[in-house]
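Make the full structure from the sequences, and use the hints.
Protein chains in written order, with my numbering: chain V, 1 to 550; chain R, 1001 to 1098; chain F, 2001 to 2112.
Hints may be right or wrong, so weigh each one.
Over the 12 angstroms line for every Cβ pair with chain V, so calculated as not near, a few chain F residues [stated by the list, open to error]:
(1) L2044
(2) A2064
(3) V2073
(4) R2104
Which stretches of chain F does chain V cover? Using the computed rule of at least three CB atoms under 8 angstroms from a CB of chain V, they are [unchecked claim]:
(5) 2047-2061
(6) 2065-2071
(7) 2088-2097
In short, the hints are calculated from the structure, not lab data. Note that the structure is a prediction, hence the values are computed from the model and not measured. Quick reminder that beta carbons are idealized off the backbone N, C-alpha and C, glycines included.
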Amino acid sequence: MTWLHTWFGLVLGYVLMVAFFFGSLSVFDREIDRWAIPETRFAPQVMPSFDKVLTPIFEKMAPEEEELAAARQRVGGPLPDVMPLMTWSAYTTHRDPVLDMYAEYAITNNPKDPFDHVHGHVTIDPRNGKLLPHDQLKIGSEFFYPLHFSLHLEWMNIGYWIVGFAALVMLAALVSGIVMHRKIFREMFTFRPKKQLRRSVLDLHNLTGVVALPFHFFFALSGLTIFASIYLPLSETMMRPLAERHAIEEAEKSGLAFAPSGVTAPLASVDAMVIEAKRRWADRGMAGEVGFLMVSHVGDANSFVSIYRAGSDRVSRVGQGVHFSGVTGKVIREEPAPSAVSSVNDFLTGLHLQHFKHWLLRWFYVLGGLMGAVCIATGFIFFVEKRKQRHGVEGAKQARWADAMAVTTVTGMLIATASILVANRVLPAELAHKGEWEKAVFWLSWLAALGHAAWRGGAVAQGRISPAWREQCWTVAILASAAVVLNWVTTGDHLLKTISTGFWPVAGFDLALLGAAGLAAFAARALRRRERAAMPSQPAFKILAESPNA
Amino acid sequence: MSSFAVKPREILSRIAAGVFGGYAFMWGFAMLCVAVGVFAGVDYDEALTFAYLLAFLVYLTAFCWAFAEASLTRVWIVLAGGGALMTGAAWLIAGNLH
Amino acid sequence: MHETVTTAAALLSSLFGMAWLALAMRVHWAQVRDAEPLTASAALTLRIMGGLALALSWVLCLQASHATMAALVWIMSLAGAALAVAQILAWRPRLLAPAIVWLRPTAPAQKQ
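What follows is the structure in structure tokens.
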């Protein structure tokens, strides 16, 4: 079990670090979006009028170019001239000033997949229906958030598989960690910062692992169940006949047509349906706003409209769906209360995706995520420290390599994060493909951090602290403060203004950046003191004698 | 545990058993859950969700066990063999559902 | 307003609960009360008080929000409280002294 914990933890720890850190940032992804796209710094809006605002925009939407290119590859040739509309949908939460709108278009000439389709996506200002420029990258919800579960490795979903495996390793590391640790309750509150580095690092590793154990466990597990259909594609492979038959039967039973009829028909007033859905929610004693709205088989006589309640006051994201005939506007079906199994699943999904309105809990999630990151980082340092003490070339080489990677994943990741924010404020808004440039800055600065860590790592082989830690800490401190200053200079939204007007999405993120800068500077100074003290490694036997776990 | 840390080939085999054998076992388990569930009259989606909720805990158990069990042969037989057996059984049940 | 107050009370209750559970251990007791030994009865009292405080925290969480949400808030408040207590014990253990001010110095001689 120790072997499993050490080696799988080391190798997948780099991935877990990304998942935990960017997952923590994703708790405030919408707020980071506001920071990065100043035009959208206004109050959250409810779902606007479908008939007046959304329909004209939906009608003008088109499939994304990249999706069309991918579809051409799947089909192995040109796509049909007409791609029939399948669905329109819109999703919003209590934190969204802007509204995301999606459309699906059928690809009718793929013999391998009769349900093949491509997507269109726009973001609008719901107050006036104006489109947001496509080039603007939502750094929170479109970059950090997907990074934490897909690593932005799109090819064959490989990123999802890597992160999924890392989540399994996280669970296994928790189980094996408990087995190895044994004194879970007796040492639950034990942290001895003044003891030797190896001891205090291990204390911190145990503390952050044990104290937030339920958080770590359920986030790794729910991360897996959320993407279960990717990891276990039963319905798409061996269970496909059963799945399709069930879908058709289900459509018959519920009255929600599985396929379009082929007869065109206009769409009735969706606004009237929204009013009826809200009335039904209020009758059930859970009045609320619309979270998700979807029109299936758009423009067809079989079309239906599904309206889901935003789960701001619940753990589950959306629910209480009411389905209407798209043609008559009459209710076809009101979803019954979910079964026990679905409730558990909705709860697990909802607790991870956290679209509820509870700011304390959101901050607790950040704390939990950062404790996860600390747990992994201290695991790295413990690994390095243990090998630093060992005599012989093999141990030194292992230590140097692992340390450079640890620097890259800890401070290097922070540098990349701060760099994309600085780039966001420095690059002009009119720059073509601005988002692509920002992403490039992110990856290149991370790569530079790796190069720097590898170059400065010589000290580790001699049993000392790599100066890369300190130098990168200073870089983080400078970049994070620069981001705050640049936000002020380029938008005029300085902290006094955002705090006094109570615009917390931007004020909160600025404060978090300053906090991070302060911590990084503090860490850099502490590292300096340690380096000055320049204690060369103590002989191995002394540590062995002190550490009961060795 | 320490016995297999000696031969690199055995380490690789054990890792493969934990990762791929464990996955095969989870796959078979999930298939069987759905097939048996639907056979017993449970709604397909319901059975699938149930399988998804348990599948990763099954994988976790299989994965950890692959590193705790002394006999590597037994690990392979139980995980890969068991996975294949459950998948086959589920396949037969699903094929006969009408 | 009601919700904020109840949640704050729940957090405080978690914090005290964790502090008492920690101080029921000899190592941590010694960090706050130096040489004075931890009697078995004091340890038991602290453990019971700790458990009760955590239970109270759960009840308060339930008062503040929907049961499913309350479960998450409570679990995370335990994590936060345990981390806070561990950090206090590491850097400023004396800050916990007020939490056990009601436990009189228990020299066995006084009891008799």
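Subject >> Ascending list of hint numbers which this structure does not respect >> reply: 2, 3 and 5
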